[in-house]
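Trainee: The chain contents come next:
Protein chains: 2
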Amino acid sequence: MSRLDSFIRRLTAQRSVLDWATAAIAALPGPVLEVGLGNGRTFDHLREKLPGRDIYAFDRADNAHPLSKPPAPFLVLGEFSVTLPAFAATHGAVAALLHCDTGSGDAAANARQAAWLSGLLPSLGRPGAIVLSDQRLGHERLQLLQAPVDIPPDRYFLYSIT
Amino acid sequence: MSRLDSFIRRLTAQRSVLDWATAAIAALPGPVLEVGLGNGRTFDHLREKLPGRDIYAFDRADNAHPLSKPPAPFLVLGEFSVTLPAFAATHGAVAALLHCDTGSGDAAANARQAAWLSGLLPSLGRPGAIVLSDQRLGHERLQLLQAPVDIPPDRYFLYSIT
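Line by line, the protein sequences are chains F and V. Reminder that position 60 of the first sequence reads as 137 in my numbering, one-by-one numbering, no gaps. Reminder that position 71 of the second sequence reads as 148 in my numbering, one-by-one numbering, no gaps.
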């Protein structure tokens, strides 16, 4: 499998997971949190699949395509370790879906981030909310879900907030 | 169609075109010229589809993934306007396949580049060689081919060197 094949497979799996999750939360109220906006392609996909739903996008800096980012009140820039607790303090555990695409090439940094993010997510999402993460998480209120679609191993980790 | 959908569609079309072209040149000797290496994903795909075939990759600078670039003699860094004529002078019109992914966000610069690239390609590829280009080209020895697969309009232009 070439790196082009692998890239297409990864993006297609990402789309399948997003499509599943957006359908699964249809009856669950609350905003979506896009943690790691990046280029904005997944934000754009979430926006298309969830018309009318508030989507907050978090990132360290704004590197998004001009057509793929939310208007100012929904674009939250800064370190996740600051912006996410601030959001929880203001809004409470309201999110219906949290999509976390936060990993970098630094495995040790990813593991540290996943540890504190795991503890933070239950303060952001309501019971029944779905968490999609590119990093393996661990917390007593994060129940691992079986991927509903064929995705490359360790590409996505799916949880429900209990 | 979200930007994620559009991106997947574009990459899938790219792969389909590469798969078609690599099969189409099976009986035509000569190296492949990858003009615009970038990340190296398409180089990796070409290498996988054409084992044993020399592939020269050209780019202004080396931004490729470590696993997706050719060894030194096949990696040619510098301005295309210098490296491609130099290749033609050394090797002659030997290539069987030329994949040109050279466009930037600057439409005027792309048009200028496509103009002189059009004139240069017949000095690089043998008669019957296939040219895949992300830019529309024009030269009496470049015969436009109908795309053999469903690709987004204006994403790829296919030519045969007459």
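Treat the hints as calculated values from the structure; they're not laboratory data. Hints are supplied without guarantee of correctness; some may be wrong.
Copies of one chain are not kept apart here, so a pair can be met inside one copy or by any two copies together.
To be verified - Here are the simulated SDA-like cross-link-like pairs (lysine to any residue), alpha carbons at most 25 Å apart as the crow flies:
{"#": "1", "residue 1": "K126", "residue 2": "A188"}
{"#": "2", "residue 1": "K126", "residue 2": "I85"}
{"#": "3", "residue 1": "K126", "residue 2": "S79"}
{"#": "4", "residue 1": "K126", "residue 2": "A192"}
{"#": "5", "residue 1": "K126", "residue 2": "L222"}
{"#": "6", "residue 1": "K126", "residue 2": "Q190"}
{"#": "7", "residue 1": "K126", "residue 2": "H216"}
{"#": "8", "residue 1": "K126", "residue 2": "D183"}
{"#": "9", "residue 1": "K126", "residue 2": "S93"}
{"#": "10", "residue 1": "K126", "residue 2": "E217"}
{"#": "11", "residue 1": "K126", "residue 2": "R87"}
{"#": "12", "residue 1": "K126", "residue 2": "S158"}
{"#": "13", "residue 1": "K126", "residue 2": "R80"}
{"#": "14", "residue 1": "K126", "residue 2": "S145"}
{"#": "15", "residue 1": "K126", "residue 2": "V159"}
{"#": "16", "residue 1": "K126", "residue 2": "N187"}
{"#": "17", "residue 1": "K126", "residue 2": "A186"}
{"#": "18", "residue 1": "K126", "residue 2": "L88"}
{"#": "19", "residue 1": "K126", "residue 2": "F234"}
{"#": "20", "residue 1": "K126", "residue 2": "F84"}
{"#": "21", "residue 1": "K126", "residue 2": "E156"}
{"#": "22", "residue 1": "K126", "residue 2": "M78"}
{"#": "23", "residue 1": "K126", "residue 2": "L221"}
{"#": "24", "residue 1": "K126", "residue 2": "G196"}
{"#": "25", "residue 1": "K126", "residue 2": "F151"}
{"#": "26", "residue 1": "K126", "residue 2": "G215"}
{"#": "27", "residue 1": "K126", "residue 2": "R189"}
{"#": "28", "residue 1": "K126", "residue 2": "G182"}
Trainee: Taking the hints in turn, state whether each one holds.
Mentor: Hint-by-hint comparison with the structure:
no., hint, verdict
1, K126 to A188, "neither (31 Å within a copy, 36 Å between copies)"
2, K126 to I85, "both (20 Å within a copy, 16 Å between copies)"
3, K126 to S79, "between (30 Å within a copy, 9 Å between copies)"
4, K126 to A192, "neither (30 Å within a copy, 41 Å between copies)"
5, K126 to L222, "within (21 Å within a copy, 37 Å between copies)"
6, K126 to Q190, "neither (28 Å within a copy, 39 Å between copies)"
7, K126 to H216, "neither (29 Å within a copy, 44 Å between copies)"
8, K126 to D183, "neither (32 Å within a copy, 32 Å between copies)"
9, K126 to S93, "within (12 Å within a copy, 27 Å between copies)"
10, K126 to E217, "neither (30 Å within a copy, 47 Å between copies)"
11, K126 to R87, "both (19 Å within a copy, 20 Å between copies)"
12, K126 to S158, "neither (28 Å within a copy, 45 Å between copies)"
13, K126 to R80, "between (28 Å within a copy, 12 Å between copies)"
14, K126 to S145, "within (14 Å within a copy, 35 Å between copies)"
15, K126 to V159, "neither (29 Å within a copy, 47 Å between copies)"
16, K126 to N187, "neither (29 Å within a copy, 34 Å between copies)"
17, K126 to A186, "neither (32 Å within a copy, 36 Å between copies)"
18, K126 to L88, "both (16 Å within a copy, 21 Å between copies)"
19, K126 to F234, "within (20 Å within a copy, 32 Å between copies)"
20, K126 to F84, "both (22 Å within a copy, 16 Å between copies)"
21, K126 to E156, "neither (27 Å within a copy, 43 Å between copies)"
22, K126 to M78, "between (30 Å within a copy, 10 Å between copies)"
23, K126 to L221, "within (24 Å within a copy, 38 Å between copies)"
24, K126 to G196, "neither (28 Å within a copy, 46 Å between copies)"
25, K126 to F151, "within (17 Å within a copy, 45 Å between copies)"
26, K126 to G215, "neither (28 Å within a copy, 41 Å between copies)"
27, K126 to R189, "neither (32 Å within a copy, 40 Å between copies)"
28, K126 to G182, "neither (29 Å within a copy, 28 Å between copies)"
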